[in-house]
Amino acid sequence: MTVLQFLFAVFASTTCLGAVMVALTQNIVRMAFWLMVSVASAAGLFFLLHADFLAAAQLLVYLGGTVVILVFGVMLTAGGRTRSLSPTGGETIVAAALALSLIMLLLFTVGSVDWERLNTIAKTGQVSPTAAQPKNEAEPQLTESSPTGDENSPVLGAGRKGDTGHALGSAMIGFRPQWNRENQLVLGTGYLLPFEIISVHLLVVLIGAAYLARAKRQLPSSRRSPDATSTSLLWDQDSAQLDSSGSANPALSQSSPVRDDLSRSQNLVSGTGFSMFTSDPQSPNSGEVS
Amino acid sequence: MSLGAYLAVSAVLFASGLTCMMTKRHALGVLMGVELILNSACLNLIAFARYTSLGIDGQVFALFVIVIAAAEAAVALAIALNYYNNFLTVDVDRGDELKR
Numbered sequence: 001m002t003v004l005q006f007l008f009a010v011f012a013s014t015t016c017l018g019a020v021m022v023a024l025t026q027n028i029v030r031m032a033f034w035l036m037v038s039v040a041s042a043a044g045l046f047f048l049l050h051a052d053f054l055a056a057a058q059l060l061v062y063l064g065g066t067v068v069i070l071v072f073g074v075m076l077t078a079g080g081r082t083r084s085l086s087p088t089g090g091e092t093i094v095a096a097a098l099a100l101s102l103i104m105l106l107l108f109t110v111g112s113v114d115w116e117r118l119n120t121i122a123k124t125g126q127v128s129p130t131a132a133q134p135k136n137e138a139e140p141q142l143t144e145s146s147p148t149g150d151e152n153s154p155v156l157g158a159g160r161k162g163d164t165g166h167a168l169g170s171a172m173i174g175f176r177p178q179w180n181r182e183n184q185l186v187l188g189t190g191y192l193l194p195f196e197i198i199s200v201h202l203l204v205v206l207i208g209a210a211y212l213a214r215a216k217r218q219l220p221s222s223r224r225s226p227d228a229t230s231t232s233l234l235w236d237q238d239s240a241q242l243d244s245s246g247s248a249n250p251a252l253s254q255s256s257p258v259r260d261d262l263s264r265s266q267n268l269v270s271g272t273g274f275s276m277f278t279s280d281p282q283s284p285n286s287g288e289v290s
Numbered sequence: 001m002s003l004g005a006y007l008a009v010s011a012v013l014f015a016s017g018l019t020c021m022m023t024k025r026h027a028l029g030v031l032m033g034v035e036l037i038l039n040s041a042c043l044n045l046i047a048f049a050r051y052t053s054l055g056i057d058g059q060v061f062a063l064f065v066i067v068i069a070a071a072e073a074a075v076a077l078a079i080a081l082n083y084y085n086n087f088l089t090v091d092v093d094r095g096d097e098l099k100r
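Protein chains in written order, with this note's numbering: chain A, 1 to 290; chain B, 1 to 100.
Okay, chain A solo, but in the shape it has when bound (with noise of 0.2 Å):
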C-alpha cells in the first residue's frame, strides 16, 4: 500500500462517513458539523486527483462560505415551534430501503463498466479492441504508474501535477491549447462566454437572495425608533427652554402624548426641587443637572 492508496482510503472513508452521518443524523448542527468533514474529506480526494485550485476553492467556498451560511442560518431559524423534526418510522424503512437499493444500483454500474476501453475509445476513436494500447504521444508520462495506464492528456495543463492553475485561467479567458489527435497543438476554444454568464448570474441571484430575505414586516420595537430619537431631542429642547424661561413653553407640549408626559415631568421637576437650578442664569451646566 503506497502513501496515495493510504491518502486515498482516508479521504474517501471520511468522505462516506461523512455523508452517512449527515443523512442519520437528526440534530441540524451536527449535520451541518458532518458536512463540513465530508466536504473536507472531498477536498482532498480533490487534492489526490490533482486538482489543486479546485481543492484550494473547495474549501473556500463551501468551507469558508456555504457551511458558515448554513450555520447561521440554522442559528437565525432556531426559535419558534419545538417540534421533533424526526422522520416517522415508515418513512425511515422506506428511505433506508431506496437508499440501499439506489447505492446497489450505482456501484453495480460503476463496476460493470470497462473505463480503459472506453477511455481508449475515446482517445483513439477506433471500437476495436486491438486499439487498447496507444502509441506514445508528445507528453511523456507524467505520472506514476497507475491502472488507466495511459495519462496522456490532450489538454495542457490537466495531467501534470498540480498545475492546474495556469490551465484553468486560460481557459476561463478564452485560450485552451490542446493537442489534437494528430499530434499537433491547436488553439481550443475556452470558456470566456460561460464565465461572464455565471459572473452575472451570481450577482443576480445574490440581488434576489438579499431582496428575499429583507425584513418586509416591521416589528412595533423598530417602529418605535425615530419617535425616540425625537423624544430625546425633545428633551433637550424643553430643558433649555426651562433654563431659560423657568417653566416649559405650553404650546410646544400640546403636539404628542410622549411630549405631554416629558414637559409635565419638567414642570414637576422645575416645580419642586430644582427651581434654584432654574432660576439661575448664569449657571452654564443647569441643563445637564435637570
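Some clues are possibly wrong.
Straight-line distance between alpha carbons at most 20 Å, and here's what the computed SDA-like set of lysine to any residue pairs gives [to be verified]:
id : chain 1 : residue 1 : chain 2 : residue 2
1  : A       : K123      : B       : A70
2  : A       : K123      : B       : T52
3  : A       : K123      : A       : V186
Stretch-level coverage of chain A by chain B, calculated; a stretch enters the list once three of its residues show a Cβ under 8 Å from a Cβ in chain B [stated by the list, open to error]:
id : stretch
4  : 43 to 56
5  : 99 to 105
6  : 172 to 180
To be clear, the hints were calculated from the coordinates, so they are not data collected in a lab. Note that the structure is predicted; figures quoted are calculated from it, not measured. Think of the CB as a built atom: it goes at the ideal place given N, C-alpha and C, for glycine as much as any other residue.
Knowing the structure of chain A, use the given hints to seat chain B on it.
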C-alpha cells in the same frame, strides 16, 4: 486507485444526499442534501478529468458546479428565512404555501 474507486465514493455521496433530501423535514437539512449531491457531481467530473481524455474541461465544469452550489445555497437560505419569518417554523411539510 482507479476511476472506479472515485466513482464509488461519489455514488455513496449521491445516495446519502438523496436520502437526506427525502427524509429531512428541516428545510436546511434538505439544503445540505442538495449540497452533498452537487459535491458528488463535482467529484465525478474531476475524476473523469483526471482519468479520461476529458482533460481540463471537466475541472472547468466542476468549478461551475461549485459556483452554482454557492448561489443555490444563498437563494435557498433566503427562502428558508422568509418562510421562517412567515410561519415561525422550518418544517417543509407545512410549506404548502410561501405567502400568507
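Hints, verified against the model:
Straight-line distance between C-alpha atoms of A/K123 and B/A70 comes to about 34 Å, which puts the hinted pair past the 20 Å bound. In summary, the hint linking A/K123 to B/T52 is supported, as the alpha carbons are separated by about 8 Å, within the 20 Å threshold. The straight-line distance between the Cα atoms of A/K123 and A/V186 is roughly 16 Å, inside the 20 Å bound, and the hint therefore holds. Closer than 8 Å: that is the beta-carbon criterion, and the stretch 43 to 56 of chain A has 8 residues meeting it against chain B, so the requirement of 3 holds.
Proximity of the stretch 99 to 105 of chain A to chain B, defined as three or more residues with a beta carbon under 8 Å from a beta carbon of that chain, is established by the 3 residues found. For the stretch 172 to 180 of chain A, the stated coverage by chain B holds: 3 residues have a C-beta nearer than 8 Å to a C-beta of that chain, and at least 3 were required.
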